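With these hints in hand, go ahead and build the complete structure from the sequences.
Protein chains in written order, with my numbering: chain A, 1 to 90; chain B, 1001 to 1413.
I should point out that these hints are in silico values taken from the structure, not numbers from a laboratory. These numbers come from a predicted model, not from an experiment. Some hints could be false.
[Unchecked claim] Here are the simulated DMTMM-like cross-link-like pairs (lysine to aspartate or glutamate), alpha carbons at most 25 angstroms apart as the crow flies:
#1 B/K1275 with A/D74
#2 B/K1165 with A/D74
#3 B/K1275 with A/D54
[To be verified] Listed next, the stretches of chain B that the computed footprint assigns to chain A, with coverage defined by at least 3 CB atoms under 8 angstroms from CB atoms of chain A:
#4 1147 to 1158
#5 1267 to 1280
#6 1292 to 1306
#7 1357 to 1370
Ideal Cβ positions, reconstructed from N, Cα and C, are used throughout, including at glycine.
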Amino acid sequence: MSGTSKLLVAVALAFTAACGDDGSSTQKDAAPPHDAAIDAPVTGPDANCITNPDPTQYLQIINACTTATKIYKDSHPPLTLPDGGLPALP
Amino acid sequence: MMVTHMRSLSLVTMMLAALGGVASAAPPPPVCDTLPNPIYLEVGDTQTQLMKALGRKLRDNTPKPITLVFTTNPSCTNLDHFYNHNSRTTVNMQYVPSTTEDPNWIQTSPTLLCTPPNPDGVGTPGIFADIANSAVFTSACPLTAPNNVQLTTGPTQAYVMAVPKGSTQTAMTFEEAYFVFGFGMAGMISPWQDETQLFIRAATTSTALAWAAQIGVPAASWKGQRQTGSTGSALVVQQLEATTGPAIETAVGILGSEVADAERAKLSILAWRAKGQWAAYYPDSTSTSRDKKNVRDGHYTVWSPTIWIDHIDAATGTPTKPDARYIIQMIAGEDVTPAPNFDPNEVVARVGLTPLCAMHVKREFEGGPLTGFTPNTSCTCKFESVTDATSCDLCTTTCAGGKVCRAGYCEER
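See below:
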């Protein structure tokens, strides 16, 4: 398999995984961006969002495509657990 | 001799005035039940702007003039008083003047005060409210409603993280908030590590309960400086606005958006990234707009319905005080009789609340997941025209595409 083919397969798998949880026909990016510019300009919906969100699916609603200002924040709290979870409150 | 005596009297008068004594020129506040058709309310202090704006309109409501007479308390306290009938309001209450009484009064002007009546004629004067308000789901308070009250869902109240205007911060994430308010300085979230600069509210307030449900830190466990009393929101505002030097960057406070919106010249609202969300969003479509777009469509998750409660006959369901129900229906965007001489939804929108008819998501409990919602009668276009700008078509009688012409705009339904 050529490098280009591997890349296409990887992209296809990423989209499959992204859309596979609920079987809906929505689209989203492979992963949310982490270092995007702050206060991205309002130029229209971008690729990092859900199109046609299922109104019964919370995560789709809050990540639906929008023309509103969005802010990508690269945040890595030091006390986050290795698995990405949060420790119990003190 | 006479001159000396007069001088002595003047001196005594001045001293008494300085001490707030009887010689003060200011007349005593009127007794509240001498005002035209008073309706007594206990509301959250996030609802103060609504009380002032709606209060003015109702004073001038020719078809049915009403005086809103209100006090502010934490939401759970209001419910406790109303459900259990266990505490009269004995402190001075607030109201606003009619246009006839004071044509120059505006919403930023102070309220007027009145003293509670003494319906029993014995003991200390005090009054039970006709309407109670909770600015969170009532299930967020550990109380059970009796069978002689009716709960009505009113407009949506968003809650925000606010910072001083000079702060460079623009957003906070769910994870950051968990550590900032759950761990304080030990949470090591820069720049919010100084617990003396975290301005929070009493654990029984709607603002604290709504945020607690969002970040998974019980309201009573939050780190920070609690701003308590009936004017806690105003104290948070004062604290944030008074910060100087490095504290401008480290200070953050929680507020109702209605309160923060009125202070935008001095405070900035942070965008919020909820758990599982990929980006942070303001309550509004931009940091400067007032359209509550992200509240209405679910991108901004920190909001609660306001709940308005009045007494009913438990056997028949009939409102005990019809004028109280008149006000509640108005706040909830329902048709009322007689029709008022103003648009209640417009009043609601202008103070930073979102009428139910402009919402496109709903939730069932505090901090619960959002699902799609379609109001029976949409007012989205009208709401947008009041708060910002709308792209909806204008109309006079009919609209194309199955839309409905309402209040001059082609609404979806």
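Can you take a look at whether the stretch 1292 to 1306 of chain B is actually covered by chain A? Rule is 3+ residues, C-beta closer than 8 angstroms.
Satisfied; 6 residues make the cut.
If you look at each residue in the stretch 1147 to 1158 of chain B, do at least three have a Cβ nearer than 8 angstroms to any Cβ of chain A?
Coverage by chain A is violated for the stretch 1147 to 1158 of chain B (0 residues, Cβ < 8 angstroms).
What's the verdict on B/K1275 and A/D54, does the C-alpha distance respect the 25 angstroms limit or exceed it?
18 angstroms, holds
Holds or violated: the stretch 1267 to 1280 of chain B covered by chain A, criterion of 3 or more residues with Cβ-Cβ distance under 8 angstroms?
holds (count 8)
For the pair supplied as a hint, B/K1275 and A/D74, is the alpha-carbon distance within the 25 angstroms limit?
14 angstroms, holds
Please verify whether B/K1165 and A/D74 have alpha carbons no more than 25 angstroms apart.
22 angstroms, holds
Check of the stretch 1357 to 1370 of chain B against chain A for coverage (Cβ-Cβ below 8 angstroms, three residues minimum):
holds (count 3)
Hint 4 from the earlier list is the only one contradicted by this structure; the remaining hints agree with it.
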